[in-house]
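The residues making up each chain are set out below.
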Amino acid sequence: MTSVSEVVTSLNGGILMNLRLFFMTLIFALPLGLVIMFGSRTRFLPLRWLTRTFVWIIRGTPLMLQLFVVLYAPGLLFDMPMSNRFLAAEIAFIINYATYFSEIYRGGIDSIPKGQHEAGEVLGMTKPQIFFRVILMQVIKRITPAMGNELITLTKDTALSRVIGITEIIMCAERFTKKGLIWPLFSTGLYFLAMNGILTIILGRLEKKLDYFKV
Amino acid sequence: MAILEVQGLKKSFDHLEVLKGIDFSLEKGEVMSLIGVSGSGKTTLLRCLNFLERPTAGKIVVDGDVIFDADDPLTQKESEIRRKRLHFGMVFQSFNLFPQYTALGNVCLAKELLARENPEFKGHKKQMLDRIREEGVEILTSVGLQDKLDYYPHQLSGGQQQRVAIARALMLEPSILCFDEPTSALDPELTGEVLKVINALAQRDATMVIVTHEMKFAHEVSDKVLFMDQGVIVEQGTPQQVFEHPTQQRTKQFLERYNE
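If you're matching them up, the sequences are chains B and W in order. In terms of this note's numbering, the first sequence is residues 465 to 679. In terms of this note's numbering, the second sequence is residues 4 to 263.
Please keep in mind that the hints were generated in silico from the structure rather than gathered at the bench. The reader is advised that the hints may include incorrect statements.
What the hints assert, rightly or not - If you want the ones that stay clear, here's a sample from chain B, every Cβ over 10 Å from chain W, calculated: (1) Ser469; (2) Glu470; (3) Ile522; (4) Ala583; (5) Val586; (6) Gln593; (7) Arg639; (8) Leu663; (9) Val679.
What the hints assert, rightly or not - Label-pair restraints from in silico Cβ distances: (10) W/Thr144 / B/Leu657: 19 to 25 Å; (11) W/Thr144 / B/Gly524: 56 to 62 Å; (12) W/Tyr261 / B/Val499: 27 to 33 Å; (13) B/Arg507 / W/Asn121: 52 to 58 Å; (14) B/Lys591 / W/Thr59: 21 to 27 Å; (15) W/Arg85 / B/Arg512: 25 to 31 Å; (16) W/Ala60 / B/Val499: 38 to 44 Å; (17) W/Asp226 / B/Arg507: 39 to 45 Å; (18) B/Pro510 / W/Asp226: 49 to 55 Å.
What the hints assert, rightly or not - DSSO-like mimics (lysine-lysine), calculated; alpha carbons at most 30 Å apart, straight line: (19) B/Lys673 / W/Lys129; (20) B/Lys673 / W/Lys199; (21) B/Lys620 / B/Lys673; (22) B/Lys591 / W/Lys199; (23) B/Lys578 / B/Lys642; (24) B/Lys620 / W/Lys87; (25) B/Lys678 / W/Lys151; (26) B/Lys672 / B/Lys591; (27) W/Lys62 / B/Lys591; (28) B/Lys678 / W/Lys199; (29) W/Lys199 / B/Lys578; (30) W/Lys129 / B/Lys591; (31) B/Lys591 / W/Lys87; (32) W/Lys87 / W/Lys199.
Note that the coordinates shown come from a computational prediction; the quantities given were computed from them, not determined experimentally. Idealized CB from N, CA, C, for every residue including glycine.
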């Protein structure tokens with residue numbers, strides 16, 4: 465007989481994996497997305513072409529497939545097998561999400577009127593000053609809703625990592641299903657709802673904080 | 004000596020020649036209006052003065068100093084341009100205020116950033132920033148916005164926004180202040196307050212170049228009027244000469260349309 469506390473302990477352990485993957489992706493994909501965005505906007509055409517092709521490939525193939533590629537490709541191609549499954553999952557998630565972020569950043573920057581740059585220029589501001597003092601804040605305000613969407617998707621996508629053997633929450637729950645117990649699997653939904661409830665509140669606060677000006 | 008001299012200025016976009024050789028000069032304290040139909044090159048000329056466009060040919064001389072020469076790459080260095088463009092102030096048709104800064108923040112931002120480059124900034128940060136804020140308040144007061152210092156652009160009317168934009172340009176004490184159709188984006192009832200501010204600047208002997216469709220205003224405020232058409236100056240002179248006794252057929256046709 466499986467006790468409730470046994471289930472809860474197992475699921476709690478599983479959600480920690482999801483959370484770890486979520487935060488690692490957040491921390492590394494946000495800045496990496498910025499780098500990719502600069503690559504896809506550069507005037508140096510070969511680099512721009514390369515970056516955009518890369519973005520096309522990553523956005524154009526399933527994340528599930530990318531997880532397998534990151535796990536197996538190093539061993540098959542370079543004879544350097546990937547021994548750390550969690551690292552493989554992290555790499556796949558970070559790259560995948562960074563490309564989406566880069567496109568959101570790009571859209572945000574392109575949507576700021578040219579007049580904002582020009583006003584900064586005629587006031588003798590340098591390009592970095594214009595970007596950090598004038599443009600960035602407006603971009604952050606504009607992309608907050610889209611980024612919020614991505615982050616909510618990310619919380620749920622972390623469950624995909626089970627395909628390469630990460631013992632995240634749904635994999636933990638399935639172990640009980642195999643023993644004939646179905647409710648642990650269904651109850652994993654509550655964990656995701658709680659996570660996204662908190663995320664929605666944080667994003668809402670951020671939007672409210674940025675409400676003091678209009679773009 | 005003329006404070007601004009423009010010689011043989013040309014500008015092409017791909018194969019379209021927008022300015023076909025512009026020559027004029029402006030004395031200190033003079034107000035010059037640029038009139039003409041849309042697409043005649045007035046705005047492009049103003050943008051060339053502010054280094055927002057790079058002329059294809061010609062020279063720009065400020066106070067005897069050649070600040071741009073299409074034949075001399077030394078005058079086109081990116082690092083130099085930043086310093087040189089401060090000779091000019093620019094007020095845009097669409098204001099282009101920074102939405103995340105208050106009226107006072109908009110006015111002070113550029114000067115604060117410039118102050119940071121001053122070697123004395125480290126030791127006197129507080130005094131320098133306070134001084135800049137005081138100046139900002141003074142300038143906003145001079146355009147009648149002393150009670151809107153902490154308002155954000157979206158909380159201001161179009162006329163108030165444009166006055167903040169004028170204050171922002173004045174803050175850097177440009178030798179020549181340029182206006183690109185400063186009232187064209189405004190509701191008719193709001194143009195008056197902006198024109199009044201420009202008029203007051205003219206009284207105080209500010210040197211200004213104004214692109215405008217407000218003929219009555221141009222007539223009143225200007226010392227000199229340039230009529231442009233298809234990238235050339237068709238006629239220039241005092242407002243009396245250009246508005247009352249135009250000699251060129253194209254000028255007459257243009258003015259007739261405004262008098263209808």
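We went through each hint and held it up to the structure:
No Cβ of chain W approaches the Cβ of serine 469 of chain B within 10 Å, the least distance being about 51 Å, so the stated non-interface status holds. Residue placement check: glutamate 470 of chain B keeps its beta carbon more than 10 Å from all beta carbons of chain W (closest about 52 Å). Non-interface status of isoleucine 522 of chain B relative to chain W is upheld: no Cβ of that chain comes within 10 Å, the nearest being about 33 Å off. A cut-off of 10 Å between C-beta atoms contradicts the statement that alanine 583 of chain B is not in contact with chain W; the least separation is 4 Å.
Not every CB of chain W lies more than 10 Å from the CB of valine 586 of chain B, the least distance being 4 Å, so the non-interface label is violated. For glutamine 593 of chain B, the requirement that its beta carbon stay farther than 10 Å from each beta carbon of chain W is not met, with the minimum near 6 Å. With a minimum CB-CB distance of about 51 Å to chain W, arginine 639 of chain B clears the 10 Å threshold, and the non-interface call stands. Chain W leaves leucine 663 of chain B outside its interface by the beta-carbon criterion, the shortest separation being 25 Å against a cut-off of 10 Å.
Non-interface call for valine 679 of chain B relative to chain W: violated, since the shortest CB-CB distance, roughly 5 Å, does not exceed 10 Å. Our hint of 19 to 25 Å for threonine 144 of chain W and leucine 657 of chain B is violated, since their Cβ atoms are close to 55 Å apart. Hint check: threonine 144 of chain W to glycine 524 of chain B, Cβ distance near 58 Å, so the stated range 56 to 62 Å holds. Separated by about 54 Å at the C-beta atoms, tyrosine 261 of chain W and valine 499 of chain B break the suggested range of 27 to 33 Å.
Taking 52 to 58 Å as the suggested C-beta distance range, the pair arginine 507 of chain B and asparagine 121 of chain W does not conform, at roughly 33 Å. Our hint of 21 to 27 Å for lysine 591 of chain B and threonine 59 of chain W holds, since their Cβ atoms are close to 24 Å apart. For arginine 85 of chain W and arginine 512 of chain B, the Cβ-Cβ distance of about 26 Å falls inside the hinted range of 25 to 31 Å, so the restraint holds. Checked against the hint of 38 to 44 Å, the pair alanine 60 of chain W and valine 499 of chain B passes, with Cβ atoms roughly 40 Å apart.
For the hinted restraint 39 to 45 Å between aspartate 226 of chain W and arginine 507 of chain B, the CB-CB distance of approximately 43 Å keeps it satisfied. Taking 49 to 55 Å as the suggested C-beta distance range, the pair proline 510 of chain B and aspartate 226 of chain W conforms, at roughly 54 Å. The suggested pairing of lysine 673 of chain B with lysine 129 of chain W holds, with an alpha-carbon distance near 27 Å, which does not exceed 30 Å. Between the alpha carbons of lysine 673 of chain B and lysine 199 of chain W the distance comes to roughly 37 Å, so the proposed pair goes past 30 Å and is violated.
Annotation: proposed proximity of lysine 620 of chain B to lysine 673 of chain B holds, straight-line Cα distance about 26 Å (limit 30 Å). Under the criterion of a C-alpha separation no larger than 30 Å, the hint pairing lysine 591 of chain B with lysine 199 of chain W is inconsistent with the structure, at around 34 Å. For a cut-off of 30 Å, the pair hint linking lysine 578 of chain B to lysine 642 of chain B is broken: about 59 Å separates their Cα positions. As the CA atoms of lysine 620 of chain B and lysine 87 of chain W are separated by approximately 54 Å, the hinted pair breaks the 30 Å bound.
Restraint check for lysine 678 of chain B and lysine 151 of chain W: the C-alpha separation of about 17 Å stays at or below 30 Å, so the hint holds. As the CA atoms of lysine 672 of chain B and lysine 591 of chain B are separated by approximately 29 Å, the hinted pair is consistent with the 30 Å bound. This hinted pair checks out: lysine 62 of chain W and lysine 591 of chain B have alpha carbons roughly 25 Å apart, not beyond 30 Å. Only pairs whose Cα atoms come within 30 Å are accepted, and lysine 678 of chain B paired with lysine 199 of chain W is accepted, the gap being roughly 28 Å.
For the proposed pair lysine 199 of chain W and lysine 578 of chain B, the alpha carbon gap of about 28 Å is at most 30 Å, so the pair holds. Distance hint between lysine 129 of chain W and lysine 591 of chain B is fulfilled; the C-alpha atoms sit about 26 Å from each other, no more than 30 Å. For the proposed pair lysine 591 of chain B and lysine 87 of chain W, the alpha carbon gap of about 16 Å is at most 30 Å, so the pair holds. Only pairs whose Cα atoms come within 30 Å are accepted, and lysine 87 of chain W paired with lysine 199 of chain W is accepted, the gap being roughly 29 Å.
Hints 4, 5, 6, 9, 10, 12, 13, 20, 22, 23 and 24, counting from the list given before, are not met by this structure.
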